[in-house]
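Asks: Assemble the whole structure, with the sequences as input and the hints as a guide.
Taken in order, these protein sequences are the chains called A and B. As numbered in the working numbering, the first sequence has no gaps in its residue numbers, which increase by one up to the final residue, 345. As numbered in the working numbering, the second sequence has no gaps in its residue numbers, which increase by one up to the final residue, 286.
In case anyone wonders, no lab produced these hints; they're calculated from the structure. Accuracy of the hints is not assured; some may be wrong.
Unchecked claim - Distance condition first, Cα-Cα at most 30 Å in a straight line; then the derived DSS-like pairs of lysine-lysine: (1) A/K183 with B/K269; (2) A/K185 with B/K113; (3) B/K235 with B/K164; (4) B/K109 with A/K183.
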Amino acid sequence: MTTTTAAAGLVMRHLDFVTQCLHPEFDVSFISVTEQWAQFAVAGPKARDLLSNFVEDDISNDAFGFMQCAAMDVMGVPGRLFRISFSGEMGYEVAVPARYGESLFRLLVAKAKELGGGAYGMEALNMLRIEKGFITHAEIHGRTTAFDIGMERMISANKDCIGKTAAARPGMIDPDRERLVGLKPVGTVKQLTAGAHLFNEGDAATRVNDQGYITSVGYSPTLGHSMGLGFLRNGPNRVGEHVKMVDHLRGVEAVCEVIDPVAFDPEGGRLRA
Amino acid sequence: MLKLVAKSPAESLVPISVGTMELSEVVPAAITSIACFEGHVDALSSILKEHHSMALPKTGQATGRVGARAIWAGPSVFLVGPQPHADLSNYAAIVDQSDSWCVLNLKGADVEAVLARLSSVDMRLKSMKKGQVVRSQLQHMNAIYHRVSDNSFDIYGFRSMAKTMVHDIDRAIRYIASRA
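Replies: Here's what the structure looks like:
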């Protein structure tokens, strides 16, 4: 099982809970292999060209499509390849036993530079995922549901799961809940701040008028403007409306247009290229 | 074709020798988690004896010898050193952990005092016998301690935290040395 990096511990804890409390009769054991693997994201239009220097297997789009994964030799070492993307670009993650991690990273960066690329940092990754509408724990912070982030279809209709009953309660599927939206500044102030609250344009910026809040922001060179992700009452049905962002702490106020959270490549063509 | 170069977890961080104490890296050829299926402890122990010449260790214990050990590790047992025999998987879930752990050996006359600075578990030599194993903490991170001989302990910590692990042990050694 592989899981999102930041929640690997939480997933492990959940497995412990299930096997110790819900099903102690299961003859099952598990152990973390987080330390066992060194894994790197390779993303961008030339990701496949780059990786073809490292694996001999056929990783063409037909042979190794989006969301596929496989055990694969990486330069003679037994590794794993995943066709996944958190950047919205053609993306892979390549894993090798940790002892080879430093060596693989150096070689990946060197080869990437030959192709005009290089290592990219967390801030760049953050902006890439914001413009693509990919959530992180800034969004799934413990008070949001699958419904709130527009992923209620991920809860299978055909079988039960932990939390399914709670997720179906009327208050949890009320359209008026604060739900995921994208935000774009359209007034004179072009700055968005994470943690700011949202209000209807004519309302005073006070608690009783609160319409939601911003969770992630960044300036997108691709879109040519700042963009934020946030949660807004009845948000998905308010695309095109203007709302007022107010950050009492930093003293910033900006008029925003509500946009689709997926502002870049909504068809996902780049991921599947 | 390009070639990947392996690096050990504590490469270039140890050995350290200060006062009476020495800290060095142990690099087992393999570390394998062996989680016994329910009701098969005896069968698994027999396989371990047959192919690796050691019994399955009981809670808080280790079996085997230098270079080929089995240590209790909580939910499972770790086979440390040899490549696991295929028959072990008849009675247990086998998971490779070879790249998961940084194993350091701490030894010297002041080992009790140094360990007391790293963990709140009583690892005084009169309390923890040779061959005993505890899961505890090394400052703020989880670790496994195994007393391998008179004043020598193997300590298992997260590979990704090897530098912190060495730093914390190094500081404890130096504090003790400075009081001599």
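Asks: Does the structure keep A/K185 and B/K113 at a Cα separation of 30 Å or less?
Replies: holds, 24 Å
Asks: Do the alpha carbons of A/K183 and B/K269 lie within 30 Å of each other, as the hint requires?
Replies: holds, 28 Å
Asks: Would the hint linking B/K235 and B/K164 be met if the CA-CA limit is 30 Å?
Replies: Holds. B/K235 to B/K164 sits at ~14 Å (cutoff 30 Å).
Asks: With a cut-off of 30 Å on the C-alpha distance, tell me whether B/K109 and A/K183 pass.
Replies: holds, 13 Å
When the structure is compared with the earlier hints, no violation turns up for any of them.
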